[in-house]
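Using the sequences and the hints given, assemble the complete structure.
Chains as they are written, first to last, in the working numbering: chain A, 1 to 385; chain B, 1 to 385.
Honestly, I wouldn't trust all of these hints.
[To be verified] Among the chain A residues that face chain B by a calculated CB cut under 8 Å, a handful are: (1) K17; (2) F29; (3) S100; (4) A101; (5) T240; (6) F320; (7) T322; (8) T323.
[As the list claims (entries may be wrong)] DEER-style ranges, computed between Cβ atoms: (9) B:K17 x A:T88: 49 to 57 Å; (10) B:E268 x A:D318: 52 to 60 Å; (11) A:N195 x B:T132: 50 to 58 Å.
These are computed hints drawn from the structure, not numbers from a lab.
All values reported here derive from a predicted model rather than from experimental measurement.
C-beta: ideal position from N, C-alpha, C; glycine also.
Number of protein chains: 2
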Amino acid sequence: MIYADYNGSAPLSPPVKEYLLKRLEKGPFANPNAIHHLGAKTLMGMENARAVCAKVLGADYDQVIFNSGATEGISTVFHSVLGCDKNTKKTIIISGIEHSAIINTANYYASEKGYNVKVLPVTKDGVVELETLKKWIAEEKSNIAMVSIMAANNETGVIQPYKEINDLCKSNNIPFLCDTTQFIGKTRFNFKESNFDYAVCSGHKLGAMTGTGILLVKDATTLKPLIIGGGQEKGHRGGTQNYLGNETLAVALTAIDSVLNNLNALAEKRLEFEAKMKKAFPNVVIIGEKAPRLASTTYISYPGIHGQAVQIELESQDIFVTTSSACSDNMPVTSKVLRAMGVEDDVGRGVVRISLCLNSPLEYYDQLADALTKAYTKLTKVKSF
Amino acid sequence: MIYADYNGSAPLSPPVKEYLLKRLEKGPFANPNAIHHLGAKTLMGMENARAVCAKVLGADYDQVIFNSGATEGISTVFHSVLGCDKNTKKTIIISGIEHSAIINTANYYASEKGYNVKVLPVTKDGVVELETLKKWIAEEKSNIAMVSIMAANNETGVIQPYKEINDLCKSNNIPFLCDTTQFIGKTRFNFKESNFDYAVCSGHKLGAMTGTGILLVKDATTLKPLIIGGGQEKGHRGGTQNYLGNETLAVALTAIDSVLNNLNALAEKRLEFEAKMKKAFPNVVIIGEKAPRLASTTYISYPGIHGQAVQIELESQDIFVTTSSACSDNMPVTSKVLRAMGVEDDVGRGVVRISLCLNSPLEYYDQLADALTKAYTKLTKVKSF
Chain A
1 MIYADYNGSA PLSPPVKEYL LKRLEKGPFA NPNAIHHLGA KTLMGMENAR AVCAKVLGAD
61 YDQVIFNSGA TEGISTVFHS VLGCDKNTKK TIIISGIEHS AIINTANYYA SEKGYNVKVL
121 PVTKDGVVEL ETLKKWIAEE KSNIAMVSIM AANNETGVIQ PYKEINDLCK SNNIPFLCDT
181 TQFIGKTRFN FKESNFDYAV CSGHKLGAMT GTGILLVKDA TTLKPLIIGG GQEKGHRGGT
241 QNYLGNETLA VALTAIDSVL NNLNALAEKR LEFEAKMKKA FPNVVIIGEK APRLASTTYI
301 SYPGIHGQAV QIELESQDIF VTTSSACSDN MPVTSKVLRA MGVEDDVGRG VVRISLCLNS
361 PLEYYDQLAD ALTKAYTKLT KVKSF
Chain B
1 MIYADYNGSA PLSPPVKEYL LKRLEKGPFA NPNAIHHLGA KTLMGMENAR AVCAKVLGAD
61 YDQVIFNSGA TEGISTVFHS VLGCDKNTKK TIIISGIEHS AIINTANYYA SEKGYNVKVL
121 PVTKDGVVEL ETLKKWIAEE KSNIAMVSIM AANNETGVIQ PYKEINDLCK SNNIPFLCDT
181 TQFIGKTRFN FKESNFDYAV CSGHKLGAMT GTGILLVKDA TTLKPLIIGG GQEKGHRGGT
241 QNYLGNETLA VALTAIDSVL NNLNALAEKR LEFEAKMKKA FPNVVIIGEK APRLASTTYI
301 SYPGIHGQAV QIELESQDIF VTTSSACSDN MPVTSKVLRA MGVEDDVGRG VVRISLCLNS
361 PLEYYDQLAD ALTKAYTKLT KVKSF
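This is the structure in structure tokens:
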């Protein structure tokens with residue numbers, strides 16, 4: 001089996017499984033806020049996990065807020081930045097390729113709180129248009145409440161000019177949320193070097209327990225808790241902490257940190273795979289090919305062959321890919337990310353997303369090439385549309 | 001070891017551990033929203049878990065919203081009921097013995113959204129004053145936005161007149177959130193029979209994975225998502241679902257359901273234990289003694305002996321109890337629950353909370369009696385205050 005849907009969700013990573021097997025056996029299990037020894041030990045384990053996460057992510061210890069995942073992180077940041085009724089700045093800037101968690105949250109603040117959402121266009125390679133952002137900020141910087149743009153796109157793997165965006169925001173005093181859900185764990189990341197105000201990640205994308213996550217925040221005093229509760233996470237996120245899950249975040253992030261050196265080899269092999277496919281099938285399109293991309297993602301289309309047909313063919317060969325993001329791939333249409341990039345329907349309906357992880361064996365790309373060749377050969381005989 | 005802090009947090013229950021050990025080995029791990037077979041299988045497992053939770057909790061399948069715990073459930077309900085800026089009803093009624101998750105959330109809506117919080121007094125036995133609630137509702141029912149009162153108190157275990165409160169709310173069209181965090185899993189509960197609008201629970205109180213929970217809602221169309229995201233949980237709660245955690249909720253609830261018959265024996269043994277302690281130490285006070293209480297909770301005080309000293313003595317005998325709730329027990333003062341009950345400081349500072357689970361061996365109470373006898377005997381020689 002080749003699981004090639006890491007951008008959708010990662011299986012528990014082997015070190016996390018191993019950790020959990022021991023952890024389940026030996027404990028401790030207790031409320032980390034309890035006064036007894038078991039509580040103190042639980043708390044210590046969790047705070048040690050926080051320190052490990054902080055170190056791997058290049059953040060200070062108190063910049064790491066544990067939560068249930070990136071979506072909660074996003075809702076918390078919007079609530080913190082925009083939730084004050086006295087906010088006089090009324091424009092939110094996002095891009096046309098954001099994850100629906102960002103788009104839906106921005107739209108909520110538009111419809112419920114009177115904000116105006118401006119959607120930054122992207123180039124045909126899937127990169128947000130920096131010049132337009134510059135223009136918009138120059139035009140109405142005193143009215144921009146926040147900017148929220150992702151670091152890497154979940155479908156295409158295209159890396160965005162987050163540094164330039166952050167600099168622009170910083171020099172104009174605009175809070176910047178960088179959606180790093182597909183970036184953290186897939187390439188090098190250092191929160192303090194990034195100088196972002198807010199960044200988010202989800203444990204299930206990293207091989208940690210499902211339902212875990214981290215909100216990274218430059219200055220935690222800017223946070224308003226979304227989940228209020230009894231003062232946990234220094235008042236930033238209520239609810240008895242998910243100590244078991246949080247511990248797995250430390251294990252998963254440490255495991256990822258140890259294989260970052262695989263990045264170049266993976267990227268090269270990925271390019272070799274893509275070149276092979278394009279040579280064998282000259283019609284084939286690699287989405288975002290000319291842009292900088294994550295080493296582990298290929299978004300590939302054979303125009304005229306339906307992506308879902310390709311996905312099913314690959315599945316029959318025990319290879320698991322998707323057509324777009326998990327949130328939208330039940331719709332057999334061109335995804336909104338591809339529409340924002342101006343991709344035509346015959347290409348857009350033909351895509352499959354192949355996403356591996358940093359320590360996927362490089363041979364997977366050979367096997368993927370063989371399997372995809374078989375699938376395209378078969379399906380070109382019965383063109384879908 | 002006797003772990004007697006189940007009201008604080010339950011260890012993973014043995015069936016949950018067993019389930020996880022198998023589950024980690026065999027998978028599947030995938031985004032439950034992915035189109036491939038692994039995604040579909042993951043989704044099916046999770047939705048099967050929802051059906052099991054619904055059955056055990058006496059709810060309809062679509063009344064079960066998975067989330068990260070009771071605190072998130074509480075924040076979601078307040079947001080749903082009060083989050084609309086056009087709300088003209090401005091009074092929230094809670095009680096003086098609510099968990100800080102309720103109190104802090106109500107206070108947030110008071111300070112940020114102009115609501116008025118009325119705090120219902122309780123009797124000296126720790127039961128909310130129903131007559132006062134009736135009076136308040138009669139006086140200003142058209143102005144009451146919601147009522148939030150717990151089913152059983154986390155410190156005392158005292159069961160509240162939730163049926164009467166619910167009836168009062170229903171006949172006056174007032175939304176009622178019943179904080180069932182300490183009730184579900186500790187006694188019989190049926191959501192539909194309760195007729196509550198909203199009820200909450202936390203997996204970590206039930207022996208399920210930490211960071212899991214369920215919001216029970218009579219009519220899910222009344223919900224406004226707090227965590228917005230990509231439309232998961234039918235749009236009621238965004239974020240890739242914590243499928244592993246949600247599965248453990250089904251396992252833990254099923255395990256609890258199978259031992260509900262232990263309730264009477266446990267309650268009897270608990271009374272025997274309390275009688276034994278009172279006979280041996282006539283000064284001893286059982287908090288809420290005359291009120292209906294959960295079968296598994298004893299809140300016991302030896303006036304003049306500091307609870308924390310008792311807790312440490314018990315811990316030296318490998319017995320883990322707390323002095324009050326995990327959220328407040330780091331403060332060596334009379335808890336706010338006890339203050340609301342009008343408990344004097346010499347009693348309030350002397351309490352320890354002993355909380356077991358439905359299938360704790362009955363012999364634990366004999367061991368607890370012996371250990372507590374030793375502790376009191378030793379500590380009465382060096383009175384704390």
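Do the hints match the structure? See the list:
1. K17: holds, 5 Å
2. F29: holds, 3 Å
3. S100: holds, 4 Å
4. A101: holds, 4 Å
5. T240: holds, 6 Å
6. F320: Holds, because the Cβ-Cβ distance from F320 (chain A) to chain B comes to roughly 5 Å (cut-off 8 Å).
7. T322: Given a least distance of 5 Å, the restraint on T322 (chain A) holds.
8. T323: Hint holds; T323 (chain A) Cβ to chain B Cβ min 7 Å, cut 8 Å.
9. B:K17 x A:T88: 49 to 57 Å: Given about 53 Å between the Cβ atoms, the range holds.
10. B:E268 x A:D318: 52 to 60 Å: holds, 57 Å
11. A:N195 x B:T132: 50 to 58 Å: holds, 54 Å
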